[in-house]
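Colleague: Below, each chain spelled out in residue letters.
There are 2 protein chains.
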Amino acid sequence: MRRFVIGSARNLIHRSHQNSQFQRPLLSSSYRLLSSSPSADPSSSSSSTMAPPVALNNINPKVLECEYAVRGEIVTLAQKLQEEITAKPESHPFEEILYCNIGNPHSLGQQPITFFREVLALCDHPAILDKSETQGLFSADSIERAWHILDQIPGRATGAYSHSQGVKGLRDAIAAGIEARDGFAADPNDIFLTDGASPAVHMMMQLLIRSEKDGILCPIPQYPLYSASIALHGGSLVPYYLDEATGWGLEVSELKKQLETARSKGITVRALVVINPGNPTGQLLAEENQKAIVEFCKQEGLVLLADEVYQENVYVPEKKFHSFKKVSRSMGYGEKDISLVSFQSVSKGYHGECGKRGGYMEVTGFGADVREQIYKVASVNLCSNISGQILASLVMSPPKVGDESYESYSAERDGILSSLARRAKTLEDAFNKLEGVTCNKAEGAMYLFPRIDLPEKAIKATEAAKKAPDAYYCQRLLTATGIVFVPGSGFGQVPGTWHFRCTILPQEEKIPAVVSRLTDFHKSFMDEFRG
Amino acid sequence: MRRFVIGSARNLIHRSHQNSQFQRPLLSSSYRLLSSSPSADPSSSSSSTMAPPVALNNINPKVLECEYAVRGEIVTLAQKLQEEITAKPESHPFEEILYCNIGNPHSLGQQPITFFREVLALCDHPAILDKSETQGLFSADSIERAWHILDQIPGRATGAYSHSQGVKGLRDAIAAGIEARDGFAADPNDIFLTDGASPAVHMMMQLLIRSEKDGILCPIPQYPLYSASIALHGGSLVPYYLDEATGWGLEVSELKKQLETARSKGITVRALVVINPGNPTGQLLAEENQKAIVEFCKQEGLVLLADEVYQENVYVPEKKFHSFKKVSRSMGYGEKDISLVSFQSVSKGYHGECGKRGGYMEVTGFGADVREQIYKVASVNLCSNISGQILASLVMSPPKVGDESYESYSAERDGILSSLARRAKTLEDAFNKLEGVTCNKAEGAMYLFPRIDLPEKAIKATEAAKKAPDAYYCQRLLTATGIVFVPGSGFGQVPGTWHFRCTILPQEEKIPAVVSRLTDFHKSFMDEFRG
Numbered sequence: 001m002r003r004f005v006i007g008s009a010r011n012l013i014h015r016s017h018q019n020s021q022f023q024r025p026l027l028s029s030s031y032r033l034l035s036s037s038p039s040a041d042p043s044s045s046s047s048s049t050m051a052p053p054v055a056l057n058n059i060n061p062k063v064l065e066c067e068y069a070v071r072g073e074i075v076t077l078a079q080k081l082q083e084e085i086t087a088k089p090e091s092h093p094f095e096e097i098l099y100c101n102i103g104n105p106h107s108l109g110q111q112p113i114t115f116f117r118e119v120l121a122l123c124d125h126p127a128i129l130d131k132s133e134t135q136g137l138f139s140a141d142s143i144e145r146a147w148h149i150l151d152q153i154p155g156r157a158t159g160a161y162s163h164s165q166g167v168k169g170l171r172d173a174i175a176a177g178i179e180a181r182d183g184f185a186a187d188p189n190d191i192f193l194t195d196g197a198s199p200a201v202h203m204m205m206q207l208l209i210r211s212e213k214d215g216i217l218c219p220i221p222q223y224p225l226y227s228a229s230i231a232l233h234g235g236s237l238v239p240y241y242l243d244e245a246t247g248w249g250l251e252v253s254e255l256k257k258q259l260e261t262a263r264s265k266g267i268t269v270r271a272l273v274v275i276n277p278g279n280p281t282g283q284l285l286a287e288e289n290q291k292a293i294v295e296f297c298k299q300e301g302l303v304l305l306a307d308e309v310y311q312e313n314v315y316v317p318e319k320k321f322h323s324f325k326k327v328s329r330s331m332g333y334g335e336k337d338i339s340l341v342s343f344q345s346v347s348k349g350y351h352g353e354c355g356k357r358g359g360y361m362e363v364t365g366f367g368a369d370v371r372e373q374i375y376k377v378a379s380v381n382l383c384s385n386i387s388g389q390i391l392a393s394l395v396m397s398p399p400k401v402g403d404e405s406y407e408s409y410s411a412e413r414d415g416i417l418s419s420l421a422r423r424a425k426t427l428e429d430a431f432n433k434l435e436g437v438t439c440n441k442a443e444g445a446m447y448l449f450p451r452i453d454l455p456e457k458a459i460k461a462t463e464a465a466k467k468a469p470d471a472y473y474c475q476r477l478l479t480a481t482g483i484v485f486v487p488g489s490g491f492g493q494v495p496g497t498w499h500f501r502c503t504i505l506p507q508e509e510k511i512p513a514v515v516s517r518l519t520d521f522h523k524s525f526m527d528e529f530r531g
Numbered sequence: 001m002r003r004f005v006i007g008s009a010r011n012l013i014h015r016s017h018q019n020s021q022f023q024r025p026l027l028s029s030s031y032r033l034l035s036s037s038p039s040a041d042p043s044s045s046s047s048s049t050m051a052p053p054v055a056l057n058n059i060n061p062k063v064l065e066c067e068y069a070v071r072g073e074i075v076t077l078a079q080k081l082q083e084e085i086t087a088k089p090e091s092h093p094f095e096e097i098l099y100c101n102i103g104n105p106h107s108l109g110q111q112p113i114t115f116f117r118e119v120l121a122l123c124d125h126p127a128i129l130d131k132s133e134t135q136g137l138f139s140a141d142s143i144e145r146a147w148h149i150l151d152q153i154p155g156r157a158t159g160a161y162s163h164s165q166g167v168k169g170l171r172d173a174i175a176a177g178i179e180a181r182d183g184f185a186a187d188p189n190d191i192f193l194t195d196g197a198s199p200a201v202h203m204m205m206q207l208l209i210r211s212e213k214d215g216i217l218c219p220i221p222q223y224p225l226y227s228a229s230i231a232l233h234g235g236s237l238v239p240y241y242l243d244e245a246t247g248w249g250l251e252v253s254e255l256k257k258q259l260e261t262a263r264s265k266g267i268t269v270r271a272l273v274v275i276n277p278g279n280p281t282g283q284l285l286a287e288e289n290q291k292a293i294v295e296f297c298k299q300e301g302l303v304l305l306a307d308e309v310y311q312e313n314v315y316v317p318e319k320k321f322h323s324f325k326k327v328s329r330s331m332g333y334g335e336k337d338i339s340l341v342s343f344q345s346v347s348k349g350y351h352g353e354c355g356k357r358g359g360y361m362e363v364t365g366f367g368a369d370v371r372e373q374i375y376k377v378a379s380v381n382l383c384s385n386i387s388g389q390i391l392a393s394l395v396m397s398p399p400k401v402g403d404e405s406y407e408s409y410s411a412e413r414d415g416i417l418s419s420l421a422r423r424a425k426t427l428e429d430a431f432n433k434l435e436g437v438t439c440n441k442a443e444g445a446m447y448l449f450p451r452i453d454l455p456e457k458a459i460k461a462t463e464a465a466k467k468a469p470d471a472y473y474c475q476r477l478l479t480a481t482g483i484v485f486v487p488g489s490g491f492g493q494v495p496g497t498w499h500f501r502c503t504i505l506p507q508e509e510k511i512p513a514v515v516s517r518l519t520d521f522h523k524s525f526m527d528e529f530r531g
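Just so you know, the protein sequences line up as chains X and E, in that order.
Read in order, the letters of the first sequence correspond to residues 1 to 531 in UniProt numbering.
Read in order, the letters of the second sequence correspond to residues 1 to 531 in UniProt numbering.
Please keep in mind that the hints were generated in silico from the structure rather than gathered at the bench.
Incorrect hints may have been included.
It does not matter which identical chain is used: a pair holds within one copy or between any two.
Restricting the straight-line Cα-Cα distance to at most 35 angstroms, the calculated cross-link-like pairs of lysine-lysine (DSBU-like) are [unchecked claim]:
1) Lys-131 x Lys-400
2) Lys-376 x Lys-256
3) Lys-256 x Lys-336
4) Lys-466 x Lys-433
5) Lys-441 x Lys-376
6) Lys-168 x Lys-376
7) Lys-168 x Lys-466
8) Lys-400 x Lys-298
9) Lys-523 x Lys-336
10) Lys-460 x Lys-319
Next up, chain X with everything else stripped away, as it sits in the complex (with noise of 0.2 angstroms):
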């Protein structure tokens, strides 16, 4: 029964396990009981009856650690605001609240695309598939896909659980569309479906991190799932620092200094994530500097963990979106060579399909003992949503030409991308218009994130109500306009300058609305703190 407490992992590696076990009576192989000596925690022992059994001074210390400021104070703000207006209209001089802290599209209207949602639909319901009726409704090849989506899946069952890594069919589809994009080879076995990026994430800092030794290099800004994630897993962050001044470039020798700097202070370093196109700086690497970072993981025996989740969000035509898989390839590099994790995720793209949770990692230079073992834990998760796969397939087989629903669904994803390009541009120009704002290129992903140099007098006030001053801004601001902006503290920036990011992603007729709230905001704001 030694399963049933962390036993020696040597026992684990040479198999010994199930033979030795059997052998043992359950308590006396329980070493980790017979070891541990006595504790001093009160709730040990029966005296505890009266406290509460759990308080934040007994809790798991590595959960009050993390932090995620994407849904952090502001939008609880948000929140209770939104609770007001709804209950009393003209309680705030504002009619709604608009959340441009999060890149949640169809909360702010954003329209699904409709081939993805007849797919989905018939597939939840088969029984209608070869209905007549059916056929009025839904584009034929949708009904294709679907009945083409159910032959993929064991028994065409969509309510069962799949293998832990996702519908084998639905993986290939996904392996199809990733050498389409890059143009080498993808094996569907490398894929592991699960429900959104954010629990593949989780999954590679639990294997990744066995203590606040081992660390994982972060940009700074950063996502803060990422921060959260190493927060919640034990490890340390150690973070490099993206160059605002070169549109928030990416420099190998900030990567090279820190991570001797950690190295210097005895942390491993496990991994280097990457983000691209950049959240929340929206900056797209270019293919030679990609090719130096690769090149720096594999001197530095690092997995390369690639965020990459906006790759269809790219609104600059002189740029284009390389995966690092297929940069490392086309530098001949492949499985033996660099340990590289690449996540996408449904949630966002041109379809934002951020309820769906559907995401998958592409896994490759692990040896097969390790994918064992991130197989093992995405089993005891049994599988990710099949909504969710079933999504991620279509998003990375869409239409093609010639398909029936072609031409509606390239309109509606070119009509997307498109105005996001000009509210990304809108509010890039707004934003530098503002006194003592500047604001780099969106050249992809969702946001902008502005930095703002406030007046001393503006700082001193920040230290009265106990609040960072981009944190002070964004609550001013959220309680004069209701726009929900997300302090540049939450994502990391460098000590003394101060940003807040915001989401390109309010409807295109709301953007002169968001504007010109925001520019009278900002005036009357820095007139109050002009020196």
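We have chain X; now place chain E onto it with these hints.
Modeller: Below, chain E alone, put in the same frame as chain X:
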């Protein structure tokens, strides 16, 4: 930038975080980096360039420790045989693999509940809701319910992230369903919707377990999610034995004994896991027994983690499921008296919608500050999938008498449940007819857990095969008949006793074949090893 390394929890509690943090330069405040002593790990020096960065000897040992037998070795073998049969139908003495290893009803041919799928399809593709053809394809109340659900979702956006606990309107429906079930108040703010029940269990383990000194009381036999989750979170499983002689009875005296044993060894026991109806044991707890368990948790200051995912799977008219929430409230215990978490899933019950990954936990008796921490952890993963959320609300508020779908719904539900009861009885009788096999009544859930007394010669043979006897038996059964059982060692059993878990899920018309294949195999197995 303190948030980027695990800092002092005190700072977070006192909320001085934002305030203090922006005055410090990033690296100098990363005291985890500063305070760490040099590491001996070779991969912390760039001399590791040539070694693969990730190997079994440098991954998180908690991952190595974790085991999940339900999808373990035996299933891998089954998948291999499946492929061989597909490639060469005559390659084995059976035509198909019969997966009795996992509670996955739809994978064995169980059909979904029509009403649930109608609503899901309409919520996936609301564009067809007001089309005339839709009237002909969908029941009137499914259309009405879809409209109602969409109206609960801001912007009717099923493609948007929801509140991190789940859509408020859906939590309202679930709370109403709990009230109707228990006759006691339920608060939608206590509901956390999750992607199946497993992530909810992980969240609670993550919250409660600080180190291997923290223990969780778990039944033996248990559903291996618990041992896996405790291992992944670095805690200690404190086993308590169910009494096979009394139909897998749960004795509070045994709980007390194991609690004291653990405490005497310095383990702080945080929580008690109770699975009711039992998995793998299928017993249904009597209300008096539940009261004693509640009293025990209250007296000992333990969180009661109630796995109630099989609450609809009850096959004995003389017994009834009572939730621990109802039992504790009926004892007069409220929020302040007992910390109770109830887990529910859409994967089980009569619906068995495993692939939808819907579920929730109802969290009661925790302070607001701790609840805030649970919310924070939920928010890091944004939200559970919306289809799963919708299905969870449907399961807790199915069609009512008078609704157009009520008749078909109740016919489908009762047909499945009565068939499961018949299958359980047939298999139970068959097991009890086998030489050396005794099998308790399946009062609920989806499993039988027969005990097998193996001849001495068989035990010897298994030692030679370096397998536990139960694992050896299951492997022989699989290769001879294509039937997949899970060895009892995957769930835990009294040392020296051997069991296996068999689901009652093969379609009814297949049960006779299962019985005869099993009976023939067992006879020849016993003949082979009889002294």
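Colleague: All the hints need checking, so say for each whether the structure fits it.
Modeller: Outcome of the hint check:
{"no.": "1", "hint": "Lys-131 x Lys-400", "verdict": "both (26 angstroms within a copy, 27 angstroms between copies)"}
{"no.": "2", "hint": "Lys-376 x Lys-256", "verdict": "both (34 angstroms within a copy, 34 angstroms between copies)"}
{"no.": "3", "hint": "Lys-256 x Lys-336", "verdict": "within (23 angstroms within a copy, 53 angstroms between copies)"}
{"no.": "4", "hint": "Lys-466 x Lys-433", "verdict": "within (29 angstroms within a copy, 74 angstroms between copies)"}
{"no.": "5", "hint": "Lys-441 x Lys-376", "verdict": "between (42 angstroms within a copy, 32 angstroms between copies)"}
{"no.": "6", "hint": "Lys-168 x Lys-376", "verdict": "both (17 angstroms within a copy, 34 angstroms between copies)"}
{"no.": "7", "hint": "Lys-168 x Lys-466", "verdict": "between (53 angstroms within a copy, 32 angstroms between copies)"}
{"no.": "8", "hint": "Lys-400 x Lys-298", "verdict": "neither (37 angstroms within a copy, 62 angstroms between copies)"}
{"no.": "9", "hint": "Lys-523 x Lys-336", "verdict": "neither (57 angstroms within a copy, 50 angstroms between copies)"}
{"no.": "10", "hint": "Lys-460 x Lys-319", "verdict": "neither (42 angstroms within a copy, 68 angstroms between copies)"}
The structure shown violates the earlier hints numbered 8, 9, 10.
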